[in-house]
Amino acid sequence: MGNLVFDIAHLLAGLQVLVSFLLLYQDRLGALIRVFALQAVLLALSVAWQAYAQDAPHLYVTAAIALIFKVLIIPVALDRMVVRLGIHRQVETVVSVGPTMLAGIGLVGLSLVVMLRVTAGEADALAREDLAFALSVVLLGLLMMITRRNAVSQIIGFMSLENGLILAAAGARGMPLVVEISVAFSVLIAFIVIGSFVFRIRERFDTVDVDALERFRGGRG
Amino acid sequence: MGLTGGLLIQSAQMALVLALAPLLTGVVRKAKARLQRRQGASVLQPYRDLARLFRKEAVLAENASPLFRAAPYVIFAATWVAAALVPTFATGLVFSWTADLIVITALLASARFFLALAGMDVGTSFGGIGSSREMMISSLAEPAMLMLVFTLALVARSTQLSTVAQVMLTSGVGLRVSLALALVALVMVAVAENGRIPIDNPSTHLELTMVHEAMVLEYSGPHLAMIELAGQLKLVLYLSLIGCVFVPWGLAPAGASVLALAAGVLAWAAKMAVGALLLALFETSIAKMRVFRVPDFLGAALMLGLLGTLLLFVSRSL
Amino acid sequence: MLPFYPAFLAGMMLVVLADDAFTFLFGWEFMSLASFALVVSHHGVAENVRAGLVYLMMAAFGTLALMLAFGLLAAGGEGVSLQALSFSAMRAHGPTPLAAAVVLGLALLGAGSKAGLVPLHVWLPLAHPAAPSHVSALMSGVMTKVAVYGFIRIVFDLAGPPAWWWGVPVLLVAGPTAVAGVLYALMQTDVKRVLACSTIENIGIIFVGLGLALAFEANGAPAVAALALTAALFHVVNHALFKSLLFFGAGAVLVATGEKRMGMLGGLIHAMPQTALAMLVGAAAISALPPLNGFVSEWLTFQAILLSPDLPVWGLKMLIPAVGALLALAAALAAACFVRLYGIVFLGRPRSAAASQAREADGFTRTAMASLAVLCLAAGILPGPVIDALQGAVAPLVGVRMTGQGHLAWLSIIPVAEGRSSYNGFLVFVFIALSASLAALAVHAFGSRAVRRAPAWDCGFPGDDPLAQYSAESFAQPLRRVFGRSLFAARETVTMPPPGDMAPARLSVSERDPAWAFLFAPLGRAVSALSGRANAIAHLNIRNYLALVFGALVLLLVVLALWA
Chain A
563 MGNLVFDIAH LLAGLQVLVS FLLLYQDRLG ALIRVFALQA VLLALSVAWQ
613 AYAQDAPHLY VTAAIALIFK VLIIPVALDR MVVRLGIHRQ VETVVSVGPT
663 MLAGIGLVGL SLVVMLRVTA GEADALARED LAFALSVVLL GLLMMITRRN
713 AVSQIIGFMS LENGLILAAA GARGMPLVVE ISVAFSVLIA FIVIGSFVFR
763 IRERFDTVDV DALERFRGGR G
Chain B
19 MGLTGGLLIQ SAQMALVLAL APLLTGVVRK AKARLQRRQG ASVLQPYRDL
69 ARLFRKEAVL AENASPLFRA APYVIFAATW VAAALVPTFA TGLVFSWTAD
119 LIVITALLAS ARFFLALAGM DVGTSFGGIG SSREMMISSL AEPAMLMLVF
169 TLALVARSTQ LSTVAQVMLT SGVGLRVSLA LALVALVMVA VAENGRIPID
219 NPSTHLELTM VHEAMVLEYS GPHLAMIELA GQLKLVLYLS LIGCVFVPWG
269 LAPAGASVLA LAAGVLAWAA KMAVGALLLA LFETSIAKMR VFRVPDFLGA
319 ALMLGLLGTL LLFVSRSL
Chain C
-14 MLPFYPAFLA GMMLVVLADD AFTFLFGWEF MSLASFALVV SHHGVAENVR
36 AGLVYLMMAA FGTLALMLAF GLLAAGGEGV SLQALSFSAM RAHGPTPLAA
86 AVVLGLALLG AGSKAGLVPL HVWLPLAHPA APSHVSALMS GVMTKVAVYG
136 FIRIVFDLAG PPAWWWGVPV LLVAGPTAVA GVLYALMQTD VKRVLACSTI
186 ENIGIIFVGL GLALAFEANG APAVAALALT AALFHVVNHA LFKSLLFFGA
236 GAVLVATGEK RMGMLGGLIH AMPQTALAML VGAAAISALP PLNGFVSEWL
286 TFQAILLSPD LPVWGLKMLI PAVGALLALA AALAAACFVR LYGIVFLGRP
336 RSAAASQARE ADGFTRTAMA SLAVLCLAAG ILPGPVIDAL QGAVAPLVGV
386 RMTGQGHLAW LSIIPVAEGR SSYNGFLVFV FIALSASLAA LAVHAFGSRA
436 VRRAPAWDCG FPGDDPLAQY SAESFAQPLR RVFGRSLFAA RETVTMPPPG
486 DMAPARLSVS ERDPAWAFLF APLGRAVSAL SGRANAIAHL NIRNYLALVF
536 GALVLLLVVL ALWA
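Chains as they are written, first to last, in the working numbering: chain A, 563 to 783; chain B, 19 to 336; chain C, -14 to 549.
There could be a bad hint or two in this list.
[Said to hold, decoys possible] Computed far set for chain C versus chain B, every beta-carbon distance over 12 Å:
id, residue
1, Thr81
2, Ala86
3, Leu171
4, Leu239
5, Glu345
6, Ala474
7, Gly536
8, Leu542
[Unchecked claim] The calculated label-pair distances, taken between Cβ atoms and stated as ranges, are:
id, chain 1, residue 1, chain 2, residue 2, range
9, A, Leu704, C, Leu49, 40 to 50 Å
10, A, Leu664, C, Ala511, 45 to 55 Å
11, A, Pro619, B, Leu26, 53 to 63 Å
12, C, Gly243, B, Phe310, 33 to 43 Å
13, C, Val512, A, Gln652, 21 to 31 Å
Hints are computed from structural coordinates only; laboratory data are not their basis. Positions of the beta carbon are idealized from the N, C-alpha and C atoms, including for glycine.
Same shape as in the complex, but just chain A (with noise of 0.2 Å):
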């Protein structure tokens, strides 16, 4: 029974990278965000899996939490935004998919090399393999601010990488849930702080591509 149970944590935290895959696949703003509520009921049910298997009820609070605001809040946020500003429905990148697929494996095959040598021989292999989903999948949320234009697939980048830093946070035991609620809040000012930036730039710009503001910088020339 305590293989199910590890083995149920460990298909979640994989199912996780999956959807980053499939987020960095994305065209469609539309399709994106939908994509990201996934991961975020993908996170949620881990987290409240790890909870049952840890016996600690305070993770459903992180998992409420995650539930709540990352499937509902955010995405339907995202969405009215998408279409109050009408923003360009096509995702824009800067490297094409291809390659950042290519370049988001050898990210997993780096986070899971490194995580497996840097915790060798200190817990068992299938939660040291959690940690290097969760790696990655902050790493591919990364990935996906760098190559794409569009400020709303970056804003999704983040929340990803976000999700990411929740997954090795629920899977580390005695994580306090001060900790956790204060990384929910953050996270939620961050993306208001984003939010309320992306319409500035709109206003400003008539455009939501980060690349308009690079003109403002000074010192160019």
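Given chain A's structure and the hints, the job is docking chains B and C onto it.
Same frame as chain A, but now just chains B and C:
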């Protein structure tokens, strides 16, 4: 159960896949029609189509070569042999050691090689379009398929499909991330290889979007029937493959009793039906993608396969 | 040209017979020079002269690298004598680890440049097609194999036991070579050049096998090393068979039509049915389709790759599956490449008058092609005896031989263990033949046997112009778009005339070889810049020359004084 019993099961399986292949396609079409709120043709319509084609005369283009006439038989034979080597209702097929999963993939590649050549034979521009696009699609789908063969082989320590199914069935492989990745990749490859939406539309005759249909545009009569039948067999093959590797429950083991075999057949039929419904649902809910979006799709399948393999390589050595 | 052909053969023979470094290098250089003479045998064409020049440069470079490698191998022995240059003396004392590592690098450069490993392949697509077709067949089919022999002789035999990482550089070069080679082939429009580029791909596949063998041997898995080495050697045999066959076919087409540009050919299956049949076998074999021979060696390589999780080294664990993916990609692209070659040249309608007036090749050519095609099929359906025959070469190199395959029931091959994997080419062949004939019989018995000839349908728009067919360029367009953009910087530009102008629109495609652009072109510029500087030395007066000599002498003396 000696050699004769094994031979009997093997030939039963060969006959079964051949006999039920049109039915599966009929079920998919019917389900799709119902999902689109159409009445749809009867599930037996593919049989009628095949019978009609068999009875018609073959019209050959004036400059069609002997290769054009031979290709349908080669395509059909390679696909049928490949389909006969995938365990459908029982493992331990008597000839399963003839070919492993890599060989099955390569047999399908042979069929495609001849199909693409046949598409170029008459020298029409549509045939060329079809062949060129088909080879582009397969150049990514095949490596993806091989990558997930690697994944399965690493889990089961064998590329023999019967052994893989046996391992999945008996030992506690558990829920593995690599297997989840492999399943997604296999579904993507299966969609591409069978020319289903979103890669290709099996029911289109809109010139610029055709891939498979463009290659077989010049075929008629019994030749077309062979190619259609091969396509239907391929669908059975892929669904059986997914069934036997990822939901192996119900497979009758080697040397099982007649009752177990019957149960195996029923389980297989149920899996096929579920698979057909899911395929219809998937096809209805998604739009066909541009041709140059396809490399991204299949590239993603390749990456997932590679990721699954890498994960296994790493975790095997912990 | 006639005297050079046997000289070329003799040179290759001498290389494989050599038992000391001097004879080896002598034969190697002899082979290079004779083949150079054959490459420029049609020296009236400027393109051939350029090909010969590039070839000569690369050959000289390769020989230099090998000479240095042998020098390092012989250096450990006592004294400088012919005795120290013999292979047995080199084996006896073995190089230091550092020297062995340098020898590996030099062998990769020297033998690799002759075999055509990327990025040292640039001469190959120029020189192989420039030679007459039967020479091209020898150069692609045999000379590249002599280079493989040279690599195996130096690295597996003379350089002592391999270090754990030796497989890494070989695999890193070989995997990309396989994919790049076939992509080059897909971009070419000259029949013989397509074949030459596909040689690069096959060399990549062979070196993947060799790299795997090195990795496994060094990491304590000699049985798997034997499997990988067998796969590589099997592919050596296969490539010699089918590439010679394909070059013979290209030669037959060249003789029959005077054309090797794919855009001028087409529909030759009607005029040359027997050549077309033999070429079909060759094309299917090189595309690694069962039950032909090319598939068997790739299958064996994949089996070796699947055993790599047991390796103890992290880097290899991550590298080998990636190389496996590249190999699978190369195999699939090879199928696309040969569908393109065969479909454009033999199928469809003739694109020029020369192609429509072609005649079947003469009896000798057909016999040569037919016998090679039969050998391709035989090696494919009876792989067991071939594998057993190769063990004579495998056993001394890795110390272990694969278990005998020739006597297994039903002619199967079982490389590792029965439960793990097995393949039976013979039965696959029989099954396909049986079910195809069964289907044909069924159609004849129950279906309609009526056949009518009619104009092509083509959705109702049959074009009359054969040039409206898909061409070599258009067939490769999707693949060029998918792979060529980043790799070859392939660009398509459409020039549209302004509205009202009746001039035709033009579509032009440009691409560049990254090896030329990033390696050889800068190298060439550097050399010409240096020689521009050095040119000044040629215009000094006699006093300055004497000063130079004097300076050099003093410098040497100073070095000598400080040396001790």
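Hints, one by one, checked against the model:
1. Thr81: About 31 Å separates C/Thr81 from the closest Cβ of chain B, which puts it past 12 Å; holds.
2. Ala86: Since the minimum Cβ distance to chain B is about 26 Å, C/Ala86 lies beyond 12 Å and the statement holds.
3. Leu171: violated, 9 Å
4. Leu239: Non-interface label on C/Leu239 holds, nearest chain B Cβ at 21 Å vs cutoff 12 Å.
5. Glu345: holds, 14 Å
6. Ala474: Given a closest Cβ separation of 18 Å, the condition holds.
7. Gly536: The claim holds: C/Gly536 sits with its nearest Cβ about 59 Å from chain B, beyond 12 Å.
8. Leu542: Given that every Cβ of chain B is farther than 12 Å from that of C/Leu542, nearest at about 59 Å, it holds.
9. A/Leu704 to C/Leu49: 40 to 50 Å: holds, 47 Å
10. A/Leu664 to C/Ala511: 45 to 55 Å: For C/Ala511 against A/Leu664, whose Cβ atoms are near 32 Å apart, the range 45 to 55 Å is violated.
11. A/Pro619 to B/Leu26: 53 to 63 Å: 59 Å Cβ-Cβ, so the 53 to 63 Å window holds.
12. C/Gly243 to B/Phe310: 33 to 43 Å: Holds - the Cβ-Cβ distance for C/Gly243 and B/Phe310, about 38 Å, lies within 33 to 43 Å.
13. C/Val512 to A/Gln652: 21 to 31 Å: Hint violated: Cβ distance 48 Å, outside 21 to 31 Å.
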